[in-house]
Amino acid sequence: MPKNRRSLTGVLATLLLTLPLAACGGGDAGGEPSFAAESGALQVYSSQHQNVTEAWAEGFTEKTGIRTQVREGQDSSMGHMIVQEGQASPAEVFLTENSPAMTVVQRAGLLAPVDQATVDQVRDGMTPSSGDWTAIAARSTVLVYNTDMITEDQLPASIMDLADPQWAGKWGGAAGGADFQAIIAGMLADQGKEATQAWLDAFARDANVYQNNIATMRAVNAGEVPVGIIYHYYWYRDQAGDKQSSQNTALHYFGGGDPGAFVSLSAGGVLASSDMPDQAQQFLAYVTGPEGQQILVDSGAMEYAVGKDAPSDPALPTLDSLEAPQVDPFSLNSDEVIAMMTDAGIL
Amino acid sequence: MPASFSSRVVGLAALLVAALSILPLFIIVPGAFSAGFEEAMAYLFRPRIGRLLSHTGQLMLVTVPATIVIGTLAAWLVERTNLPGAGIWRTLLLAPLAVPAFVSAYAWISLAPGLTGFGGAALVTTLAYYPFVYLPVAALLRTLDPGDEEAARSLGLSPAAAVVRTVLPRLRPAISGGALLVALHLLAEYGVLEMMQFQTFTTAIMQQYAVGFSDTAGSLLASVLLLLCLLALVLEMLARGRRRVARIGSGAQARPIRARLGHWTVPSMLFLAVVVALSLAVPIATVGGWLLRGEGLADSPDLLRVTASTIGLALLGALAATVAAFPAAWLLDRHPRGLTVLLERVTYLGSALPGVAVGLAFVTLAVRWAQPLYQTVGLLVIAYAVLFMPRAMVSLRAGLAAAPPELTEASRSLGQGGVATLTRVLLPLISPSVLTGLVLVALAVGTELTATLLLAPTGTDTLALAFWRHASELDYGAAAPYAAMMIALSVPLTLLLRRQILEER
Numbered sequence: 002m003p004k005n006r007r008s009l010t011g012v013l014a015t016l017l018l019t020l021p022l023a024a025c026g027g028g029d030a031g032g033e034p035s036f037a038a039e040s041g042a043l044q045v046y047s048s049q050h051q052n053v054t055e056a057w058a059e060g061f062t063e064k065t066g067i068r069t070q071v072r073e074g075q076d077s078s079m080g081h082m083i084v085q086e087g088q089a090s091p092a093e094v095f096l097t098e099n100s101p102a103m104t105v106v107q108r109a110g111l112l113a114p115v116d117q118a119t120v121d122q123v124r125d126g127m128t129p130s131s132g133d134w135t136a137i138a139a140r141s142t143v144l145v146y147n148t149d150m151i152t153e154d155q156l157p158a159s160i161m162d163l164a165d166p167q168w169a170g171k172w173g174g175a176a177g178g179a180d181f182q183a184i185i186a187g188m189l190a191d192q193g194k195e196a197t198q199a200w201l202d203a204f205a206r207d208a209n210v211y212q213n214n215i216a217t218m219r220a221v222n223a224g225e226v227p228v229g230i231i232y233h234y235y236w237y238r239d240q241a242g243d244k245q246s247s248q249n250t251a252l253h254y255f256g257g258g259d260p261g262a263f264v265s266l267s268a269g270g271v272l273a274s275s276d277m278p279d280q281a282q283q284f285l286a287y288v289t290g291p292e293g294q295q296i297l298v299d300s301g302a303m304e305y306a307v308g309k310d311a312p313s314d315p316a317l318p319t320l321d322s323l324e325a326p327q328v329d330p331f332s333l334n335s336d337e338v339i340a341m342m343t344d345a346g347i348l
Numbered sequence: 008m009p010a011s012f013s014s015r016v017v018g019l020a021a022l023l024v025a026a027l028s029i030l031p032l033f034i035i036v037p038g039a040f041s042a043g044f045e046e047a048m049a050y051l052f053r054p055r056i057g058r059l060l061s062h063t064g065q066l067m068l069v070t071v072p073a074t075i076v077i078g079t080l081a082a083w084l085v086e087r088t089n090l091p092g093a094g095i096w097r098t099l100l101l102a103p104l105a106v107p108a109f110v111s112a113y114a115w116i117s118l119a120p121g122l123t124g125f126g127g128a129a130l131v132t133t134l135a136y137y138p139f140v141y142l143p144v145a146a147l148l149r150t151l152d153p154g155d156e157e158a159a160r161s162l163g164l165s166p167a168a169a170v171v172r173t174v175l176p177r178l179r180p181a182i183s184g185g186a187l188l189v190a191l192h193l194l195a196e197y198g199v200l201e202m203m204q205f206q207t208f209t210t211a212i213m214q215q216y217a218v219g220f221s222d223t224a225g226s227l228l229a230s231v232l233l234l235l236c237l238l239a240l241v242l243e244m245l246a247r248g249r250r251r252v253a254r255i256g257s258g259a260q261a262r263p264i265r266a267r268l269g270h271w272t273v274p275s276m277l278f279l280a281v282v283v284a285l286s287l288a289v290p291i292a293t294v295g296g297w298l299l300r301g302e303g304l305a306d307s308p309d310l311l312r313v314t315a316s317t318i319g320l321a322l323l324g325a326l327a328a329t330v331a332a333f334p335a336a337w338l339l340d341r342h343p344r345g346l347t348v349l350l351e352r353v354t355y356l357g358s359a360l361p362g363v364a365v366g367l368a369f370v371t372l373a374v375r376w377a378q379p380l381y382q383t384v385g386l387l388v389i390a391y392a393v394l395f396m397p398r399a400m401v402s403l404r405a406g407l408a409a410a411p412p413e414l415t416e417a418s419r420s421l422g423q424g425g426v427a428t429l430t431r432v433l434l435p436l437i438s439p440s441v442l443t444g445l446v447l448v449a450l451a452v453g454t455e456l457t458a459t460l461l462l463a464p465t466g467t468d469t470l471a472l473a474f475w476r477h478a479s480e481l482d483y484g485a486a487a488p489y490a491a492m493m494i495a496l497s498v499p500l501t502l503l504l505r506r507q508i509l510e511e512r
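Sequence order for the protein chains is A and B.
Okay, so the first sequence: first residue is 2 according to the working numbering, each after it adds one.
Okay, so the second sequence: first residue is 8 according to the working numbering, each after it adds one.
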């Protein structure tokens with residue numbers, strides 16, 4: 002028995018010793034482990050891609066000396082989380098992938114108006130008239146198709162055509178994700194409730210559901226389904242890399258104001274409850290300014306820059322050439338979309 | 008036995024722990040019915056819910072029996088036969104515990120992208136979870152006094168019949184305890200099933216969390232999951248039986264009989280080799296492959312920092328869960344009455360809930376009533392204790408069951424106080440089980456995803472979160488260093504579990 006007791010104390014001692022040891026080792030490359038939020042740092046809640054957010058946060062700290070700390074999350078859940086936290090939310094700034102998550106916070110009345118100077122440096126029509134938030138990046142809906150399975154002239158003219166029974170079992174999408182839901186919110190605003198519900202019913206019946214956009218693109222690439230609904234930048238990122246997930250595919254832009262040409266805005270806003278409102282406004286100004294937008298492009302995220310005169314990656318077709326549908330991005334209703342997806346049996 | 012002062016103190020502690028572990032239910036269940044009973048029924052009685060139920064059921068029906076068969080057979084081959092290289096097999100069969108299930112799932116998916124759906128889900132969960140059965144059964148097989156088996160054989164039973172009549176019945180608590188862990192893990196499994204695109208209640212809850220944070224639908228799904236957990240707990244109680252496995256004295260135990268495998272030697276080794284290859288070689292080779300292909304360490308400058316916070320959280324979580332499990336485990340062993348059984352059983356409820364449901368409940372609790380605790384390590388550690396207490400509980404109960412109550416009674420009768428008896432008699436007796444519990448909880452905390460995501464202080468990152476972030480973008484190269492580190496950290500813990508099998512007598 003003493004042997005056993007020794008082994009127990011031995012383990013505890015080892016674990017206790019490795020902790021500071023590992024912490025010291027970490028000091029060389031990336032700092033101490035953190036077991037508490039850094040006090041006095043600007044708290045950024047972000048559902049944007051991590052590498053972009055962190056590049057922004059680092060660039061901002063370098064320029065202004067204001068320390069930042071980023072909390073990662075997903076669009077809709079993080080929006081609702083801020084609402085639940087209410088006035089006590091630790092968040093100062095919220096960055097999203099898609100605008101409906103910001104609309105959730107906006108409707109709860111938790112946002113402070115964005116500085117006019119910040120609004121002025123963003124392309125026209127990309128901030129709501131209330132001035133409660135601003136676009137920080139943009140992404141376009143596309144149809145990715147497998148070039149071995151289908152030719153361009155066989156592709157549907159409109160995203161709405163996919164609901165036709167002839168497409169049964171031939172399309173897929175990441176229905177559980179915020180990206181897909183933003184596209185449906187755009188469809189709802191453009192086509193109305195009845196047409197959108199019918200389309201969702203067809204999706205539930207006929208389409209394959211994937212974990213996310215990348216999994217959808219891979220499934221198309223592997224020939225599981227001929228076509229899939231995704232955002233453009235996943236494809237361009239893979240093409241810029243090893244093309245492992247997209248070598249057998251091409252992109253189809255619906256254009257012509259079709260709901261399938263929907264352009265989704267990534268949003269940035271400042272929380273009214275922020276303890277550091279000035280610094281939070283500075284952060285948003287930095288992100289949408291020339292430096293921040295250049296960081297977005299340099300990060301290889303392949304999302305569209307939204308600053309006035311800020312060029313996007315040259316590999317992308319220009320924002321104006323996408324012929325996106327005329328929907329008001331500030332009234333997109335994700336809660337209604339989720340109710341409709343529940344009715345269709347997708348959620 | 009009249010309740011002494013110390014057992015009243017322990018009783019109070021057990022009561023507090025039980026209350027804490029069902030705290031999330033007081034958020035989830037009222038939340039489920041906040042929109043009214045009829046709304047709730049309309050949501051639940053839909054084809055999609057039927058589909059989720061059938062998926063969850065199918066997985067249980069295949070994975071639980073498969074892990075029982077593999078775990079028990081492997082343990083018997085290693086501990087009770089003349090299998091060549093038993094010492095090596097003992098290590099290899101436990102080693103899959105060092106590979107997080109979702110890492111294993113990623114390995115399989117990247118090898119065979121078509122392996123999605125039920126087949127892949129059942130395969131990966133079986134391979135990842137059979138050690139939960141193997142570990143307690145192997146430990147018990149070494150402890151069991153062979154006296155009964157020898158008596159049965161001397162009375163004319165064949166070796167096989169003697170095993171079935173005398174050994175198997177006494178393995179019931181170990182097998183049913185292990186199977187319960189497997190079942191509870193299946194109910195709460197997210198990572199593997201998400202990757203295998205096999206929708207169950209837990210993946211649906213995650214989806215609901217993604218769209219609505221903590222909304223009614225998510226709470227409803229979690230409530231159904233709770234009912235399923237209750238069912239598993241009742242079934243396990245029926246299967247466990249009440250049989251004394253403790254023996255007094257450690258000097259007189261005979262060496263267990265080792266069955267001669269004869270011409271079964273090669274098939275037996277082949278069977279174990281396949282289990283080890285599928286559960287260990289596939290994920291490790293795949294992670295190794297990613298490491299070589301990816302930019303590796305250069306790509307993850309934060310690796311050491313993330314590792315340190317993972318170790319810290321795993322340690323705190325393991326201590327919290329084990330300390331919390333002790334009162335109920337002790338009470339149940341010494342006074343197995345209705346109330347104490349209830350106190351132990353309720354601590355399992357929290358663990359059948361996926362991390363996201365418990366995490367959300369604690370977010371709500373903290374935001375409403377305990378703002379200073381919100382996004383602190385303290386609250387996260389409490390959530391870990393609620394989620395993983397059964398791992399400590401099962402181990403502690405096995406240890407206490409094998410610790411003869413006569414010894415603590417003797418200590419008390421010799422005038423030692425409760426505390427002295429605890430530290431000088433009971434803890435030394437059960438220290439291997441305490442260790443097992445600590446290790447099992449630490450392994451779980453080290454791979455926990457969603458409760459950590461929700462409750463951790465901003466800026467606290469873990470290996471599992473970093474792995475998942477890269478893996479869900481299908482960036483295997485960037486994910487590989489974190490996977491490799493999770494495996495590397497788990498290896499010493501797993502080796503400790505092996506020693507525990509060897510030393511338990």
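No lab work stands behind these hints, which were simulated from the structure alone.
Only a predicted model underlies this, so the values are computations on that prediction, with no experimental measurement involved.
Careful: at least some of the hints might be erroneous.
What the hints assert, rightly or not - Capping the alpha-carbon separation at 25 Å, the derived lysine to any residue pairs in SDA-like fashion look like this:
| hint | chain 1 | residue 1 | chain 2 | residue 2 |
| --- | --- | --- | --- | --- |
| 1 | A | K171 | B | S479 |
| 2 | A | K171 | B | R300 |
| 3 | A | K64 | A | A345 |
To be verified - Among the chain B residues that face chain A by a calculated CB cut under 8 Å, a handful are:
| hint | residue |
| --- | --- |
| 4 | G57 |
| 5 | S61 |
| 6 | Q215 |
| 7 | T223 |
| 8 | R352 |
As the list claims (entries may be wrong) - To spell it out: a stretch of chain B is covered by chain A in this simulated footprint if at least three of its residues, at any positions, have a beta carbon under 8 Å from a beta carbon of chain A; those stretches are:
| hint | segment |
| --- | --- |
| 9 | 24-35 |
| 10 | 62-74 |
| 11 | 147-158 |
| 12 | 227-241 |
| 13 | 415-425 |
We put the beta carbon where it would ideally sit given N, CA and C, even for glycine.
Hint check results:
For the proposed pair K171 of chain A and S479 of chain B, the alpha carbon gap of about 24 Å is at most 25 Å, so the pair holds. Among the hinted pairs, K171 of chain A with R300 of chain B is inconsistent with the structure: their alpha-carbon atoms are about 34 Å apart, more than 25 Å. With a C-alpha separation of about 49 Å, the suggested pair K64 of chain A and A345 of chain A falls outside the 25 Å cut-off, and the hint is violated. Evaluation of the G57 of chain B hint against chain A yields a violated restraint, the C-beta minimum of about 10 Å exceeding 8 Å.
Hint status for S61 of chain B relative to chain A: violated, with the closest Cβ pair at about 14 Å, above 8 Å. Annotation: interface hint on Q215 of chain B holds; nearest CB of chain A at approximately 7 Å, less than 8 Å. The closest approach between the C-beta of T223 of chain B and any C-beta of chain A is roughly 11 Å, which is over the 8 Å cut-off, so the hint fails. Violation of the interface hint for R352 of chain B is found here, the shortest Cβ-Cβ separation to chain A being roughly 27 Å, above the 8 Å cut-off.
Residues of the segment 24-35 of chain B lying with their CB closer than 8 Å to a CB of chain A number 0, which falls below the three-residue condition for coverage. Residues of the segment 62-74 of chain B with a Cβ under 8 Å from some Cβ of chain A number 0, which does not satisfy the need for three, so the listed coverage is violated. Check result for the segment 147-158 of chain B against chain A: violated, 0 residues qualifying (beta carbon to beta carbon below 8 Å, three or more required). Residue count for the segment 227-241 of chain B with a Cβ under 8 Å from a Cβ of chain A: 0. That is fewer than the three needed, and the coverage hint is violated.
Under a criterion of three residues with beta carbons nearer than 8 Å to beta carbons of chain A, the stated coverage of the segment 415-425 of chain B fails, only 0 such residues being counted.
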